[in-house]
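Peer 1: All chains, full assembly: derive it from the sequences and hints.
Numbering (the working numbering), first residue to last: 58 to 117.
A hint or two may mislead.
Unchecked claim - Ranges between beta-carbon positions, derived for each pair:
#, residue 1, residue 2, range
1, 82, 59, 15 to 25 Å
2, 71, 106, 10 to 20 Å
3, 101, 75, 17 to 27 Å
4, 78, 99, 17 to 27 Å
5, 76, 110, 12 to 22 Å
Since the hints were made in silico from the structure, they are not lab data. Ideal Cβ placement from N, Cα and C applies to all residues, glycine included.
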Amino acid sequence: MQQVLDSVNLLPGNPRPDGAFAMGSDRFRIRICFYRVIYVVKQHKPAVLLVEHVGHANRP
Numbered sequence: 058m059q060q061v062l063d064s065v066n067l068l069p070g071n072p073r074p075d076g077a078f079a080m081g082s083d084r085f086r087i088r089i090c091f092y093r094v095i096y097v098v099k100q101h102k103p104a105v106l107l108v109e110h111v112g113h114a115n116r117p
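Peer 2: Here is the structure:
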């Protein structure tokens, strides 16, 4: 979970990091280990909407 917090804390400096998936004009998704973070960027400021535990990427 610390890795998720560290990544979220870096979003203000880089709101579109490598691996960020656009889900619309201002909504993005990033995957950090077993978690998915969905956030919006308004006026260059990210706001986290959801942190979801999704498990291992290779499991159904």
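Peer 1: Taking the beta carbons of residue 71 and residue 106, is their distance inside 10 to 20 Å?
Peer 2: holds, 18 Å
Peer 1: For the range 17 to 27 Å, tell me whether the beta carbons of residue 78 and residue 99 fit it or not.
Peer 2: holds, 18 Å
Peer 1: Falls inside 12 to 22 Å, the C-beta gap from residue 76 to residue 110?
Peer 2: Taking Cβ atoms as reference, residue 76 and residue 110 lie about 18 Å apart, which means the hint holds.
Peer 1: Measuring from beta carbon to beta carbon, are residue 82 and residue 59 in 15 to 25 Å?
Peer 2: violated, 31 Å
Peer 1: Return holds or violated for the Cβ distance of residue 101 and residue 75 against the range 17 to 27 Å.
Peer 2: Hint holds: Cβ distance 18 Å, inside 17 to 27 Å.
Violation of the numbered hints given earlier is confined to hint 1; every other hint is satisfied by the structure.
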